[in-house]
Amino acid sequence: MTTPVWVPRKRRGAEFFLTVLAVFIGIAAYASVGLGVEGTIPADTYKLGGALIVVAIATHLVVRRVAPYADPVLLPLVIALNGLGLAMIYRIDLGYQQVNPDWKALANGQLMWTGFGIVAFALVLIVVRDHRRLQTLTYTFGFAAIVLLILPLLPGIGRNIRGARIWIGLGPFSFQPGEAAKICLAIFFAGYLVVKRDALALAGRRVAGIDLPRGRDLGPILAGWLLSMGILIFQRDLGSSLLFFGLFVVLLYIATERPGWLVVGGVLFAAGAYLSYLAFGHVQVRVNAWLDPFSDPDRNYQVINGLFGLAHGGILGQGLGQGSPNLTPFGFSDFIAASLGEELGLTGLMAVLLIYGLIVERGLRIALTCRDAFGKLLAAGLALSIAIQVFVVVGGVTRLIPLTGLTTPFLAQGGSSIVMNWAIIGLLLRISDQTRRPAPEISAFESDEPTQVVKLS
Amino acid sequence: MNKPIRNLGIACLVMFLALLVNINYVQFVEADSLNAKNGNKRVINEEFSRDRGSILVDGKPIAESVKSKDEYKYQRKYPEGGLYAPITGYFSYVFGRSGLENSENRVLSGSDDRLFVNRVVDLLSNKQPKGGSVEVTIDPLAQKTAADGLEALGKGTKGAVAAINPKTGAILAMVSQPSYNPNSLASHDFAKVQKTWQRLTTDDDQPMLNRTTQQTLPPGSTFKLVTAAAALENGVVDDIDDKVKAGARLSFGGGITYTLPNENGGNCGGDRITFEQALNVSCNVAFGALALKVGQKDLAAQAAKFGFGTDPLSGLPMNPSRFTSADTTLEQPQLAQSGIGQYEVAATPLQMAMVAGAIANDGNVMKPYIVDTVRAPNLRVLDKTQPQRHSEAVSPTTARKLREMMVSTVKVGTATSAQIPGIEVGAKTGTAQSTADRPPYAWFVSYAKDGDDEVAVAVLVESSNTARSEIAGGRLAGPIAKSVMEAVLGK
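These protein sequence lines are chains A and U, in that order.
Heads up: the first sequence is residues 1 to 457, going by our numbering.
Heads up: the second sequence is residues 1 to 491, going by our numbering.
Hints are supplied without guarantee of correctness; some may be wrong.
To be verified - Stretch-level coverage of chain A by chain U, calculated; a stretch enters the list once three of its residues show a Cβ under 8 angstroms from a Cβ in chain U: (1) 144-152; (2) 240-246; (3) 265-279; (4) 310-316; (5) 319-327; (6) 358-366; (7) 372-378.
Said to hold, decoys possible - Chain U side only, calculated, beta carbon under 10 angstroms to chain A, not exhaustive: (8) I5; (9) G9; (10) F16; (11) Q27; (12) N35; (13) G39; (14) N45; (15) L217; (16) G422.
Hints in this document: simulated from the structure, not taken from any laboratory.
For glycine and all other residues, C-beta sits at the position ideal for the given N, C-alpha and C.
Produce the entire structure from the sequences given, and follow the hints as far as they go.
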């Protein structure tokens, strides 16, 4: 007789069904781009679609094999986004090629990087059989994060693109180490805070009803603040500094369950933001573009055209391939949300945001159900990093908040981003598999067997 | 650690809700105002990709869209070139719209609310939306005749002709010289468009100015019609046979050394002449004296009744004509000068046509209009302009007396150049001084009646190659007015 144990259903069949649906969205989007721009379904739709189906099924099989209990919804959500992004980048390529036949298509590269991303996803699942092992490498990841963040500042390999020094170039390849640093930092923060959480949580003073941490415990948070400010200053990367700082403060709050950290973090962030507003011209430009973009139409051309695109899309959108997303500079990367809003309309953009919302929600659910503190923190951190990225970049494009550079996960053109975000999904699925997997059966029938008589002769 | 994670979940929910609300705001609430912003290329591109409706004169297009092979699908064409430019305006990718292209844009582009059903049908049948058409009130022969008349004065002539139907206010001719070719601004060769624009906007002759409605210049003696109307309406003169002050100069007394002379310094034909004679010979002394008797207030009120100080024209930009600024108190010599259409008095040719038209129409000023009918793409009439009275300028009796005086001016006075045998023609000439260093403006305002057919015409020749001594309203502008009236009346 076995003890009745709640065993989560694997739900791999549901995942398969959703994956097929997600792949279909991507292929349909690709076909409608061809219809919208050139009037015919692209000739390679079947080839490309076939390849996508093969890759998606392979990915699904990997999950089935190495993480059978993993969350069944995350992978299809990501495939849908990735497919939409590819179709949109392809669409903008076509738009540019109509004007300039020499335009170097970005969609092919993105397709290749998507492949690498899926490989990274599979590798994470295969190599990391238990996420708790990552905790033993806490400081290694911390060190790696710092090295990665410093790389772009090194002369020779660091590259300054569009005013931000966040790239390194190796031959024809360029890479954004900050994207990898994001994961390393999340692992480092989670590992560090698991160890220090008691010290951080227990000592403190109560001032005006708020639990303030002890002065010396402020050290790490100040370090986090300084790190993010450093990035802001030296690399002119507002988005990443916001992401890293937010990640650290929120994980600190989760680990210690002390809202005081949020207050301290919030104050430091506000102070840092205000000081950088005073000190840096490029921050003032961004804030002005947010408050009153039409006061300087030349300088705020991109923001204004993003808004024009969104307005042009209206409720139902112009239809894929039938708007003018090419008019917005970088409508394939930073401003891909505006391009989607133009061609898929308010409805389509809301659907995309809901997909992101679901991804974040699944991530947080994994954190909630995870049994170990490290896994909880890591899952929450990874989910939060996606939430912050989406909020910062979509909010920036739609003028909810000032524009800061961050990539739109899975949608925007960019190799490092797509690979690293796939890796994040790999990690989340790994934690989720661990979480939902039934505990190894302590076989009940063993105890039912008669006690063995051991002969002592 | 679950409570903070739950809180984090709520925070993320709030963040996503904020994004959702915000995109609803941008794409739904704010969308219209963003679409209407200047420099929104998406909307311009869309307009350029649509089959825009035509502007028609007598059924023939003066602005139409033809298929184009480049990326904008349609090319705007103006078959008559500059002849109708003051009316159609231009439709330019780079510089926007003007004229009827601008004021009737919603119909022409098909975005008018009255075309909503058409748009839905087009959407459902997957057809490109089409714009409606606008038929204008212009008489093509009158328009052509007026333009030819100005052109005949030689190269470099600046001037304008406005003709209206006095009974309805319908504009029958609207010619401004020099003009420009709107085709050159509608071109899809944007570099060329830029160059043309640069040339047109820096040209001292202001070819893009619609001189019939935007150019206010001293109307000179043609304003004596207004003074005469005020004199009759206010009982200063009772009848056209009454004797009025005349002579060679009008002096003001009270230590003022300035005296108001007649044109060319002559005598009007005696110290006292009849009111009718005074208008026939355009006697400055007589009308200066009458203006003083009527007084500034009543003279200003009479001008206002004729439409001075208002912009009753819909669809095209019009600068209000003015008698004088409201808070000015005129000195006696200034008031006398105002009475003969000098000093601060300034009027557009259309305003002066309205004065003549009101006199022809028993004292009623009709609201001038240019758009006759507005049609949907399927030719269904969406709107037909109904004539509207703008004001009553003078009583029918006064109007009849003024007509008699104007007719007499054509018969025996300064306006003989406008005689059309067998038809009632009344007119008044004007030769307005401006500054000493430039030639005077030649004006001619007139009306003609042939049974029920009526027309009122104002001609302004701002400058031409004519020798200064030859410039006079009757000689330069009169024949043009006559030919336009003949064109309208079919003579």
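Do the hints match the structure? See the list:
1. 144-152: Not satisfied, violated; 0 residues make the cut.
2. 240-246: violated (count 0)
3. 265-279: violated (count 0)
4. 310-316: holds (count 6)
5. 319-327: holds (count 3)
6. 358-366: holds (count 3)
7. 372-378: holds (count 3)
8. I5: With Cβ-Cβ at 5 angstroms, under 10 angstroms, it holds.
9. G9: With a closest approach of 5 angstroms, the G9 (chain U) hint holds.
10. F16: 5 angstroms, holds
11. Q27: OK, holds: Q27 (chain U) within 10 angstroms of chain A, min 4 angstroms.
12. N35: Holds, about 5 angstroms.
13. G39: Holds, because the Cβ-Cβ distance from G39 (chain U) to chain A comes to roughly 6 angstroms (cut-off 10 angstroms).
14. N45: 6 angstroms, holds
15. L217: 38 angstroms, violated
16. G422: 62 angstroms, violated
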